[in-house]
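J.: Below are the chains, spelled out letter by letter.
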Amino acid sequence: MTDREVMAPGQVSSLQIRAEEDLLAARHAVRAAALEAGFGLVAQTKLITAASELVRNCYVHGGGGELVIERLVPPPRAGLRLTISDDGPGIVDPDAALVDGYSTGHGLGHGLGGAKRLVDEFHLDTGPGRGTTVVITRWVGR
Amino acid sequence: MTDREVMAPGQVSSLQIRAEEDLLAARHAVRAAALEAGFGLVAQTKLITAASELVRNCYVHGGGGELVIERLVPPPRAGLRLTISDDGPGIVDPDAALVDGYSTGHGLGHGLGGAKRLVDEFHLDTGPGRGTTVVITRWVGR
Amino acid sequence: MTSSEIPILRLGKILLAGLLKELDDKTAVLFADELSRQVSTVGAEAVVLDITKLEIVDSFAARILVEIATMARLLGARVVVAGMRYPVAITLVELGLDLPGVETALSVEHAVNMLSQPGGSRDG
Amino acid sequence: MTSSEIPILRLGKILLAGLLKELDDKTAVLFADELSRQVSTVGAEAVVLDITKLEIVDSFAARILVEIATMARLLGARVVVAGMRYPVAITLVELGLDLPGVETALSVEHAVNMLSQPGGSRDG
Ligand SMILES: Nc1ncnc2c1ncn2[C@@H]1O[C@H](COP(=O)(O)OP(=O)(O)O)[C@@H](O)[C@H]1O
Ligand SMILES: Nc1ncnc2c1ncn2[C@@H]1O[C@H](COP(=O)(O)OP(=O)(O)O)[C@@H](O)[C@H]1O
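Same order as they appear, the protein sequences are chains A, B, C and D. The numbering of the first sequence is the numbering used here, which starts it at 33 and goes up by one. The numbering of the second sequence is the numbering used here, which starts it at 33 and goes up by one. The numbering of the third sequence is the numbering used here, which starts it at 1109 and goes up by one. The numbering of the fourth sequence is the numbering used here, which starts it at 1109 and goes up by one.
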């Protein structure tokens, strides 16, 4: 695997989420970026899991979309920012969707709220007919 | 610790709730006042726990605020009155919020209803956009 | 080896399955089918799912693990999930998930020992 | 000593952690991470959380205790919470909280005895 060499600090990479296999590819890309950024084992696992939840939502609920991985360099701190976006139906009631156990499908309904708890910053931009964009950030060394 | 000397009967003291550390400081201040007022061990524990729930709500849900500790002297009885207030979003449905298990966050949802059961008097004044003020009172020797 | 690419070994009345690094949708479904078929034909009394290799358990994978445990339980077999990595345990709890009804063990060895004790309880 | 300032001692296959007077958010998270790492690396079969010093357990602290117990259970270890003060127990019941899934013991000594009995039950 040459994944580990792909991202220099400050670099941005993106990945289309169109098929089931892309979920795996997305996870691999986030793992490679997290290793490269210097995250510890627990932080890495949390970030990849959060990404996995959101990329799956993008595919399952949003009909597919895009993952953008952005390597943040100091100042102020080193970190990783992921933007997961789709042009799907959007979420009518985002506050409800964030509550654990709320699912309109066959999921456990812990994805959105869980992902929020696993990262340092979480922004959800959505609305009926507007698609869904989630931006998550985790800083190295916390 | 000189905490134990701070409150004479009838005296009022107040404490800002702005940061995580203030939760601990609030607990210490309530403990000192409860000892001074002559509460037994169980009553003390109940009052401090109720205060802890409400001060955490003030910080987490209300965005911070203030704790006022008031030493009540006879007549009619010795006791302690705590006022926890914030200018946050307020509570849309206070009756629902008092029900055990109701939480809009990641909490257990036992704070508000639990605090009410732990004290002798409980007043909740809140509404959308009006902030939240909770006044609790516990009398010595019951 | 099975059609799901997840090896299932037989140890007396125990079936031992070693999950791989990743658990995707298709593999999971094939594996669950194959496993329940084997539990049934072999008359297995217990299944040990070795998840030592699994690096990520998101809510999708957690659901699969619980579904496999339920399926085996309905067939009359116990399921023990063994060898969860500690970052995975920390993350699952933060996700608010706790694999209800699933027994756990530190390692496959612990799981097999636990299953060989006649007085071993059924729930974690 | 651990990075969370909560000492974790090892007694054979048992880890013994003594919580301090206060349990705040940051300490709790660091402690949970460190404890699960140790459970995993040491292969601990049980964890005893000594809460003798803990003077207040509000719903936040109760959630933490349950989460730590869940995390240890996912790794395959038992968790016993030992030494709860009686005013704390009275208050928890009035809060409507009962630490689901957490085993309890009167003291650390009781907990260790309980864990050394092979037939000790697994559930609280
Ligand atoms: N990208 C998205 N597009 C449309 N709806 C979404 C999206 N992400 C989440 N949702 C909605 O929010 C709900 C909760 O999401 P989540 O907590 O991840 O649970 P789950 O995916 O298990 O249903 C989903 O059931 C779905 O209705
Ligand atoms: N000071 C406050 N400001 C705004 N909302 C509050 C406040 N206190 C409580 N609430 C609301 O009431 C709900 C129930 O409170 P509580 O019983 O303490 O549970 P928890 O804090 O565990 O969620 C909270 O989830 C929140 O929505």
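Don't read these hints as lab results, they were simulated from the structure. Worth double-checking, as some hints may not be accurate.
Lysine-lysine pairs mimicking DSS-like chemistry, simulated, CA-CA at most 27 Å apart [what the hints assert, rightly or not]:
| # | chain 1 | residue 1 | chain 2 | residue 2 |
| --- | --- | --- | --- | --- |
| 1 | C | K1161 | A | K148 |
| 2 | C | K1161 | C | K1129 |
| 3 | B | K148 | D | K1121 |
| 4 | C | K1161 | C | K1121 |
| 5 | C | K1161 | C | K1134 |
| 6 | D | K1129 | D | K1161 |
| 7 | D | K1161 | C | K1161 |
| 8 | D | K1161 | D | K1121 |
| 9 | D | K1134 | D | K1161 |
| 10 | D | K1161 | A | K148 |
| 11 | A | K148 | C | K1121 |
| 12 | B | K148 | D | K1161 |
J.: All hints are to be evaluated individually against the structure, with a verdict given for each.
T.: Evaluation of the provided hints:
Proximity of K1161(C) to K148(A) is assessed by CA-CA distance (about 26 Å); at most 27 Å being required, the pair is judged to hold. Restraint check: the Cα-Cα separation between K1161(C) and K1129(C) comes to about 5 Å, which is no more than 27 Å; the hinted pair holds. Only pairs whose Cα atoms come within 27 Å are accepted, and K148(B) paired with K1121(D) is rejected, the gap being roughly 43 Å. At roughly 24 Å between alpha-carbon atoms, K1161(C) and K1121(C) fall within 27 Å of each other, so this suggested pair holds.
Using a Cα cut-off of 27 Å, the hinted pair K1161(C) and K1134(C) holds, with the two alpha carbons roughly 18 Å apart. Proximity of K1129(D) to K1161(D) is assessed by CA-CA distance (about 5 Å); at most 27 Å being required, the pair is judged to hold. Our distance criterion of 27 Å between C-alpha atoms is broken by K1161(D) and K1161(C), whose separation comes to about 39 Å. Between K1161(D) and K1121(D) the CA atoms are separated by roughly 24 Å; this keeps the pair inside 27 Å, and the hint holds.
This hinted pair checks out: K1134(D) and K1161(D) have alpha carbons roughly 18 Å apart, not beyond 27 Å. Simply put, K1161(D) and K148(A) have alpha-carbon atoms about 33 Å apart, too far for the 27 Å limit, and the pair is violated. Distance hint between K148(A) and K1121(C) is unfulfilled; the C-alpha atoms sit about 43 Å from each other, more than 27 Å. Only pairs whose Cα atoms come within 27 Å are accepted, and K148(B) paired with K1161(D) is accepted, the gap being roughly 26 Å.
Violated hints, listed in ascending order, are 3, 7, 10, 11; each of the other numbered hints is respected by the structure.
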